[in-house]
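Peer 1: Chain by chain, the residues run as shown.
2 protein chains.
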Amino acid sequence: MAQIIECVPNISEGRRPDVVEAVVASIKTVEGVRVLDAQSDRDHNRSVLTLVGDLETLPAAVLRLFEMAVARIDLRLHEGEHPRLGAVDVVPFIPIEGATIAQCVALARRVAEEVAQRFALPVYLYEEAASAPHRRNLEDIRRGQFEGLADKMKDAQWAPDFGPSAPHLSAGAVVIGARMPLIAYNINLGTPDVEIAKKIAKAIRHSNGGYRFVKAMGVLLEERQVAQVSINMTDFKRTPLFRVFETVAAEAARYGVPVIGSEIIGLVPADALLDCADHWLRLEGFTRSQVLENRIRETETE
Amino acid sequence: MAQIIECVPNISEGRRPDVVEAVVASIKTVEGVRVLDAQSDRDHNRSVLTLVGDLETLPAAVLRLFEMAVARIDLRLHEGEHPRLGAVDVVPFIPIEGATIAQCVALARRVAEEVAQRFALPVYLYEEAASAPHRRNLEDIRRGQFEGLADKMKDAQWAPDFGPSAPHLSAGAVVIGARMPLIAYNINLGTPDVEIAKKIAKAIRHSNGGYRFVKAMGVLLEERQVAQVSINMTDFKRTPLFRVFETVAAEAARYGVPVIGSEIIGLVPADALLDCADHWLRLEGFTRSQVLENRIRETETE
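As given, the protein sequences belong to chains E and P, one line each in that order.
As numbered in the working numbering, residues -4 to 297 make up the first sequence, in order.
As numbered in the working numbering, residues -4 to 297 make up the second sequence, in order.
Quick caveat, the hints were computed from the structure, so don't treat them as lab data.
Here the structure is a predicted model, which means the values were calculated and not measured.
You can take every hint at face value.
Far from chain E, some chain P residues (derived; all Cβ distances over 12 Å):
(1) Val14
(2) His39
(3) Pro54
(4) Asp69
(5) Glu74
(6) Gln112
(7) Lys149
(8) Leu164
(9) Thr186
(10) Val189
(11) His201
(12) Phe208
(13) Asn227
Now the stretches of chain E that chain P is said to cover, found in silico as 3 or more residues with beta-carbon under 8 Å:
(14) 23 to 32
(15) 236 to 249
(16) 252 to 258
(17) 261 to 270
(18) 284 to 291
Ideal Cβ positions, reconstructed from N, Cα and C, are used throughout, including at glycine.
Given only the sequences and the hints, what does the whole structure look like? Please build it.
Peer 2: Now the structure itself:
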């Protein structure tokens, strides 16, 4: 089976398309790595790139990305709505096929060490690669942002995992790690009352007693006047989409509110949706190799 | 986008594995065609092969199949539970990706003409390739089987589309055509009363007033003592799985009977299941290119 590892670097540039294009172009020079997507946000002043490759090919691509981004992005001149602590802000590695989370953790550590050395950047490992429990969460590492980094790094709890013990003058620091595929999933409710969406978000998110692999918040979609439960599914294999959907629908019914629709933002692994079909069709003994396109790909590698 | 056309030849041999293997081996010699599956049934004395290829590569593979099957299978010596009229009984072409049903119809006609000429076999076109309405249905063409073929062919209504106007002495005739992917789908009910399954089958099948692209019957699973609605979905894009499921569940509820499970037999196109996820998740604006594995394959061909 071909190995597919996803890498989703977030860089602190969303207003100069030429810079983003240069970064993307530098990645594309690496054989065996493909750029699936590049999304820029002007308000955030941030871009999210989606790459796929494997254990052998991704390190070179990530190093090219750092080379270009560190050269072209100066955080001392950066402002935007999204919190950031680095020119390259975060680099997660994600197992998609023929790879394990453990392999991605090892990959993250290898790349982290090399990035720290090559670019004199402080590097923090996060999520599954984290070196301590308080450093798993990206938000906790990033709190204080670039501007607060020098002070933060004086605290022993926040010594970097690799690299110098002071921030890079223009590029700050970077967070590198491994995690399961994340699904950005929104559920729209038939009400303009955002308080209902907020209550439901609290009901389903881990931090308030909900599902283990769910982060969520309630927001109002201004134009549509629709309340939305905005969700990050952080491990769809263990907390599946269909269960979260059913729970939101049940919680909304308590207020006499229907689910009017839902949205998947960006990319979603096929399995997350096939699991939904399996659930609602009550399939018995169904295996992925029964999916025609999978069977074709299985015989491709023979 | 790579072109994928499926071909599912059914041959009248299910008891001599060496013959089936020889047929499969002859197909495998053709570059660009893959054998996904080969299932033999001793009671039926029949085998179903699943191949994939494209407009360019499939004709050669099908001709090799005929060459081997016509040489090794003699219908005068054949008996089995499944109705048959040819050593090669039926050969449907099915568009999966990057191909249309019209292209598969043209392909079926090309192959039919060449088979008739090369092997002196009478050929009937069926389904979407049929030359007349009464010849669309495989069961109608096959009625009378090999033994009744000589008499049947005296009737002007049953003159073959290509080839001689008398049966091949040992190989009979063959039915070639094009159709949409067929999904074999069974729904199991929480009751041993097969009459309920039969009533529900009548309710959903086209012939009795049900959905246009559904064939169905009620059967009893003896060992489990479970009534089953056994279904052929003949165009899942126009009559989708989720709609048939919901209808069966609603009809069963009328008898106080739940759906306890369902089964997909053999291969199913990913879209049929993704459409189910789309339905039950109430997705808004979801496109197939958001499926990660699809996006990877899209960029592969760039």
